[in-house]
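**Student:** Listed here are the chains, written in short residue letters.
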Amino acid sequence: MVTAESIQTHIETAMQCELVQVEGDGHHFNAIIVSAEFQGKNMVQQHQLVYRALGDRMKEEIHAISMKTLTPEQWKDVNHR
Amino acid sequence: MDTQETIKQQVTTNQVVLYMKGTPEFPQCGFSANAVKILSLCGVDNLFTVDVLTNPEIRQGIKEYSNWPTIPQLYINGEFIGGSDIITEMNQSGELLKLLQK
Chain A
0 MVTAESIQTH
10 IETAMQCELV
20 QVEGDGHHFN
30 AIIVSAEFQG
40 KNMVQQHQLV
50 YRALGDRMKE
60 EIHAISMKTL
70 TPEQWKDVNH
80 R
Chain B
0 MDTQETIKQQ
10 VTTNQVVLYM
20 KGTPEFPQCG
30 FSANAVKILS
40 LCGVDNLFTV
50 DVLTNPEIRQ
60 GIKEYSNWPT
70 IPQLYINGEF
80 IGGSDIITEM
90 NQSGELLKLL
100 QK
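Those protein sequence lines, which keep their order, are chains A and B. Going by numbering that gives the first Met the number 0, the first residue of the first sequence is number 0, and it counts up by one from there. Going by numbering that gives the first Met the number 0, the first residue of the second sequence is number 0, and it counts up by one from there.
If you're looking for bench data, these hints aren't it; they were derived computationally from the structure. Keep in mind it's a predicted model, so treat the numbers as computed, not measured.
27 Å max Cα-Cα, derived DSS-like pairs, lysine-lysine: (1) K58/A to K7/B; (2) K20/B to K67/A; (3) K7/B to K40/A; (4) K62/B to K36/B; (5) K62/B to K58/A; (6) K36/B to K67/A.
For the chain B half of the interface with chain A, some residues (derived, Cβ under 10 Å), not all of them: (7) C28; (8) W67; (9) I80.
In this text, a Cβ means the ideal position worked out from N, Cα and C, and glycines have one as well.
Here chain A stands alone, though its shape is the one from the complex (with noise of 0.2 Å):
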């Protein structure tokens, strides 16, 4: 079975990330990530990334990922509320 914490490495070996946080149940999966990589991308170009960086793992083991996508400083914004 699908682990999150196997998702969670996954997406932090291959993304520069200042936090990747995943639970999830095997099949279904909720994932925040903050990344510096994300600035200057729209919301389709972030999930993107880390669709890119889960690779082939999307087509054959991860039947949904639900992500949040922030930059560090939406990240310090959210916080801060």
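Given chain A, put chain B in place with the hints provided.
**Tutor:** Okay, now just chain B, sitting in the frame of chain A:
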């Protein structure tokens, strides 16, 4: 016509197109159901949907078309808007409604 051309025709000849699992009446996946619900709440009455479960070639082809590995996928005026998360977020921010009114 090859699959990529079929998709291009679908998204350019219909204003709002949703590639989904199942049909609006009987969605086969919670994320597809969510997308249909949001579009209906936004007042979309001309939604064109494609059930990828009964169209395996489109199911594969749409992922290549948009470089996006998951379903549902929303297109407005020929442009790829996003999947379930983005539809939800753009609905909350009001951006989706703005796009639909263009």
